[in-house]
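Colleague: Sequence:
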Amino acid sequence: RYKASHVNAEPVALPKNRVGNAVPSEISGVDFAGPVYLKENQCLFTCAVYRAVHLELVTSLSADAFLEVLRRSIARRGRPTIIYSDMVQILQVQEIVNVKLIGIKLESIV
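The opening residue of the sequence shown carries number 7 in the numbering used here; numbering runs sequentially from there.
No lab work stands behind these hints: they were computed from the structure.
Predicted model only: the values in this text are computed from it and were never measured.
Quick reminder that beta carbons are idealized off the backbone N, C-alpha and C, glycines included.
There could be a bad hint or two in this list.
Unchecked claim - Each pair of labels, with its calculated beta carbon distance range:
1. 16 - 43: 43 to 49 Å
2. 16 - 85: 32 to 38 Å
3. 113 - 19: 16 to 22 Å
4. 14 - 109: 41 to 47 Å
5. 22 - 65: 34 to 40 Å
6. 85 - 14: 40 to 46 Å
7. 10 - 111: 43 to 49 Å
8. 84 - 113: 17 to 23 Å
9. 78 - 22: 27 to 33 Å
10. 111 - 74: 15 to 21 Å
11. 19 - 73: 31 to 37 Å
12. 25 - 82: 21 to 27 Å
Could you build all of it, start to finish, from the sequences and the hints given here?
Modeller: Shown next as structure tokens:
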């Protein structure tokens, strides 16, 4: 243990959109957590550049409920240009988001 050599690992390159300058919440991630109490879930928005967190309560996991939560998040934090998610439900509303909220790109991390 005293004669063990140190491991020199190469640092991993971060994605370009996580390293550059951006407005807070411009590049975001979204995920659902919950239920908190009986039936309410939480929608968790995270900023990919500054690591800020924004929580919203959701009554259901439908596309309409997600759009409502997304509108509330945009009203408080500003409009993101890219939203990363690993949820299939979110990716199914990509056409709705592109039509109603022009300029937001939903991408999968899976």
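Colleague: Against this structure, judge whether each hint is valid.
Modeller: Hints and how they fare:
no., hint, verdict
1, 16 - 43: 43 to 49 Å, "holds, 46 Å"
2, 16 - 85: 32 to 38 Å, "holds, 37 Å"
3, 113 - 19: 16 to 22 Å, "holds, 19 Å"
4, 14 - 109: 41 to 47 Å, "holds, 43 Å"
5, 22 - 65: 34 to 40 Å, "holds, 37 Å"
6, 85 - 14: 40 to 46 Å, "holds, 43 Å"
7, 10 - 111: 43 to 49 Å, "holds, 47 Å"
8, 84 - 113: 17 to 23 Å, "holds, 18 Å"
9, 78 - 22: 27 to 33 Å, "holds, 29 Å"
10, 111 - 74: 15 to 21 Å, "holds, 20 Å"
11, 19 - 73: 31 to 37 Å, "holds, 35 Å"
12, 25 - 82: 21 to 27 Å, "holds, 25 Å"
Going through the hint list in order, the structure satisfies each hint without exception.
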